[in-house]
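Asks: Protein chains in written order, with the working numbering: chain F, 74 to 256; chain L, 4 to 206.
Simulated from the structure, these hints should not be mistaken for laboratory data.
For every residue, glycine included, the Cβ atom is placed at its ideal position computed from N, Cα and C.
Where hints are given, some of them may not hold.
Claimed, not checked - Covered, in the sense of this in silico footprint (three residues per stretch, anywhere, with C-beta under 8 Å from a C-beta of chain F), are these stretches of chain L:
| hint | stretch |
| --- | --- |
| 1 | 12 to 24 |
| 2 | 95 to 101 |
What the hints assert, rightly or not - A few chain L residues that face chain F, going by a derived Cβ cut-off under 7 Å, partial list only:
| hint | residue |
| --- | --- |
| 3 | Phe37 |
| 4 | Phe40 |
| 5 | Ser41 |
| 6 | Leu45 |
| 7 | Ile48 |
| 8 | Ile113 |
What the hints assert, rightly or not - Straight-line distance between alpha carbons at most 25 Å, and here's what the computed BS3-like set of lysine-lysine pairs gives:
| hint | chain 1 | residue 1 | chain 2 | residue 2 |
| --- | --- | --- | --- | --- |
| 9 | L | Lys26 | F | Lys194 |
| 10 | F | Lys183 | F | Lys248 |
| 11 | F | Lys145 | F | Lys198 |
| 12 | L | Lys55 | F | Lys88 |
| 13 | L | Lys26 | F | Lys198 |
| 14 | F | Lys248 | L | Lys26 |
| 15 | L | Lys47 | F | Lys91 |
| 16 | L | Lys26 | F | Lys239 |
| 17 | L | Lys55 | F | Lys247 |
| 18 | L | Lys26 | F | Lys132 |
| 19 | L | Lys55 | F | Lys209 |
| 20 | F | Lys194 | F | Lys248 |
| 21 | F | Lys145 | F | Lys239 |
| 22 | F | Lys239 | F | Lys194 |
| 23 | F | Lys88 | F | Lys132 |
| 24 | F | Lys247 | F | Lys194 |
| 25 | F | Lys102 | F | Lys132 |
| 26 | L | Lys26 | F | Lys88 |
| 27 | F | Lys132 | F | Lys145 |
| 28 | F | Lys102 | L | Lys91 |
| 29 | F | Lys248 | F | Lys193 |
| 30 | F | Lys209 | F | Lys132 |
| 31 | F | Lys166 | F | Lys102 |
| 32 | L | Lys26 | F | Lys183 |
| 33 | L | Lys82 | F | Lys102 |
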Amino acid sequence: MLNDLTDIELVRLFKEDKSRDQVFTIIVKRYQERIYWQIRRLVVSHSDADDVMQNVFIKAWNALDQFREDAKLFTWLYRIATNESLTFLEQAKKKTSLSFDDMSETLSDKLHSETDFDEKKAVWKLQLAIQQLPEKQRVVFNLRYFEEMPYEEMSEILETSVGALKASYHHAVKKIEEYILNH
Amino acid sequence: MKDHHPIQSELSAVSPFLAEMPKSNPFAAPEGYFNQFSNRILAKIEAQETEKEELSPLLQSLKKENPYSVPADYMQEFKVNVTPKEAKVIPLFNLKAVLKYAAAAAVVGIIATFATLFFSGEEKGAMAKASEETVISADAFDLFLSETASIEKGETEDFEEESQSLLVQMDANMVSEILTEIPEDEISTYIDLIKNEDLNMMN
C-alpha cells in the first residue's frame with residue numbers, strides 16, 4: 074500500500090515520524106538504480122560508487138525533515154548524488170595530489186580494470202572519451218546523453234543556467250567525437 | 004521526464020557520428036546489489052541513530068523541538084523592501100578644504116620668510132668678517148710675495164750676512180751685560196752641565 078504513495082505523501086509521512094523505516098525503504102528502492110548509475114558513470118568503480126551511494130542516502134535521511142514539498146524528491150536526490158560524487162573525486166585528488174590530467178588517467182585506468190572492458194568496443198571507447206572531460210562537463214553530458222534529462226531539470230540540480238548547460242553539453246559532444254575519431 | 008526526440012535531434016545536429024553510436028551501458032553492478040542496498044543502508048542509519056542516542060539522549064530528544072516562534076502570517080507577508088539609496092553628492096569645489104590648505108600655506112610662507120631674513124643677516128655678518136680676513140691675508144700675502152721675490156733675486160746672501168752681523172752685535176754689546184747680571188756660581192754650574200752632556204753624547 075505504501076508503495077502506491079506519491080513522493081510528497083511519502084515525505085509527509087516521514088516528517089510525521091510514521092513508519093519512517095518503511096517509508097525510507099520505498100524511497101530508496103524507487104530511486105536507487107538511477108542514482109547508482111549516475112554516480113557510477115562519474116566515479117567509475119563499483120566500490121567507490123557504493124561508498125558514495127551510502128553517503129547520499131544517509132544525507133537524505135538526515136535532511137528529509139527539512140525537505141521542501143514544492144521541490145521534486147528525485148531532483149533533490151540527484152543533486153545530493155552529484156555533489157557527493159564531485160566531492161568524492163575532489164577528495165581523491167587531494168589525497169593523492171593529482172592534477173586534472175592525472176585524475177582522468179586514474180579514471181581511465183579504472184575503466185581498463187573493468188571485467189568486460191574492451192577498448193575496441195564503441196561503448197567503452199565512449200566511456201574513455203567521457204573520462205577526458207572536465208568534471209562539470211562530464212556531469213552535464215551524462216545527464217543529457219544517458220538520462221535524457223531536460224535542461225530545465227538539469228538547471229535545478231546543478232544550479233546553472235540553461236544557456237550555460239547547453240553550451241557545456243555541445244562542447245562535451247564535440248570533444249567526445251574528436252576523441253573517438255582520433256583513437 | 005524523458006523528452007527523447009528533441010534530445011536525439013539536438014545530438015544529431017551537433018554530432019551525427021555520436022548520435023549513431025549505441026547507448027548501451029557497459030558497466031555492471033554485482034548481482035543482488037540493489038535488492039540488498041536498502042537493508043544495508045537502513046542498518047547503517049540505525050547504527051548512526053543509536054550512536055547519537057547513546058552519546059546524548061537529551062540532545063537527541065530535543066533536536067526536533069523549535070523553541071522560537073514567529074508572528075502569525077509573518078512568512079506570508081514577508082517582503083524585502085529595497086528602496087534605492089540616494090547617492091551622496093560630493094561637490095567638486097570644497098571651500099572648507101581650500102581654506103584649510105591656504106591657511107597651512109600661509110603659515111609655511113611666514114616661517115620661510117622669517118627664516119630667510121634671519122639666516123641672510125647672519126650670513127652677511129659672516130661674509131663681512133670673512134672679507135676682512137681676506138684683506139689682512141692679502142696684505143700679508145703681498146709682503147710675503149715681495150720678500151720671496153727679493154730672495155729669489157739673489158738677496159739670500161745679503162740677508163744671511165745681515166743676520167750674522169746682528170748676532171755679532173748682540174754678542175758684543177749685550178752678552179757681557181747679561182752675563183754681569185748672572186752670578187758666577189750659576190755660570191760655572193751651567194758650564195759643567197754642558198760638559199757632562201757633551202760627554203754623554205760622545206759615549
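Asks: Against this structure, judge whether each hint is valid.
Replies: Tested hints:
1. 12 to 24: holds (count 6)
2. 95 to 101: violated (count 0)
3. Phe37: holds (6 Å)
4. Phe40: L/Phe40 check passes; min Cβ-Cβ to chain F is 6 Å, inside 7 Å.
5. Ser41: holds (4 Å)
6. Leu45: It holds, given that the least Cβ distance between L/Leu45 and chain F is near 6 Å, below 7 Å.
7. Ile48: holds (5 Å)
8. Ile113: Violated. Min distance 68 Å.
9. L/Lys26 with F/Lys194: Distance ~12 Å between L/Lys26 and F/Lys194 Cα, so the pair holds.
10. F/Lys183 with F/Lys248: Within the cut-off at roughly 21 Å; holds.
11. F/Lys145 with F/Lys198: Outside the cut-off at roughly 34 Å; violated.
12. L/Lys55 with F/Lys88: holds (19 Å)
13. L/Lys26 with F/Lys198: holds (12 Å)
14. F/Lys248 with L/Lys26: holds (17 Å)
15. L/Lys47 with F/Lys91: Answer holds: L/Lys47 to F/Lys91 is near 20 Å, not above 25 Å.
16. L/Lys26 with F/Lys239: holds (20 Å)
17. L/Lys55 with F/Lys247: violated (50 Å)
18. L/Lys26 with F/Lys132: violated (31 Å)
19. L/Lys55 with F/Lys209: Violated, at about 36 Å.
20. F/Lys194 with F/Lys248: holds (19 Å)
21. F/Lys145 with F/Lys239: holds (22 Å)
22. F/Lys239 with F/Lys194: Outside the cut-off at roughly 28 Å; violated.
23. F/Lys88 with F/Lys132: Between F/Lys88 and F/Lys132 the Cα gap is close to 15 Å, so the pair holds against 25 Å.
24. F/Lys247 with F/Lys194: holds (20 Å)
25. F/Lys102 with F/Lys132: holds (16 Å)
26. L/Lys26 with F/Lys88: violated (39 Å)
27. F/Lys132 with F/Lys145: With Cα atoms ~16 Å apart, F/Lys132 and F/Lys145 stay inside 25 Å; holds.
28. F/Lys102 with L/Lys91: Between F/Lys102 and L/Lys91 the Cα gap is close to 61 Å, so the pair fails against 25 Å, i.e. violated.
29. F/Lys248 with F/Lys193: Holds - the C-alpha atoms of F/Lys193 and F/Lys248 are around 19 Å apart, at most 25 Å.
30. F/Lys209 with F/Lys132: At roughly 22 Å apart (the allowed maximum being 25 Å), F/Lys132 and F/Lys209 satisfy the hint.
31. F/Lys166 with F/Lys102: The given pair, whose Cα atoms are some 31 Å apart, is violated under the 25 Å limit.
32. L/Lys26 with F/Lys183: holds (20 Å)
33. L/Lys82 with F/Lys102: The hint is violated at about 41 Å.
This entry does not satisfy hints 2, 8, 11, 17, 18, 19, 22, 26, 28, 31, 33, going by the numbered hints stated previously.
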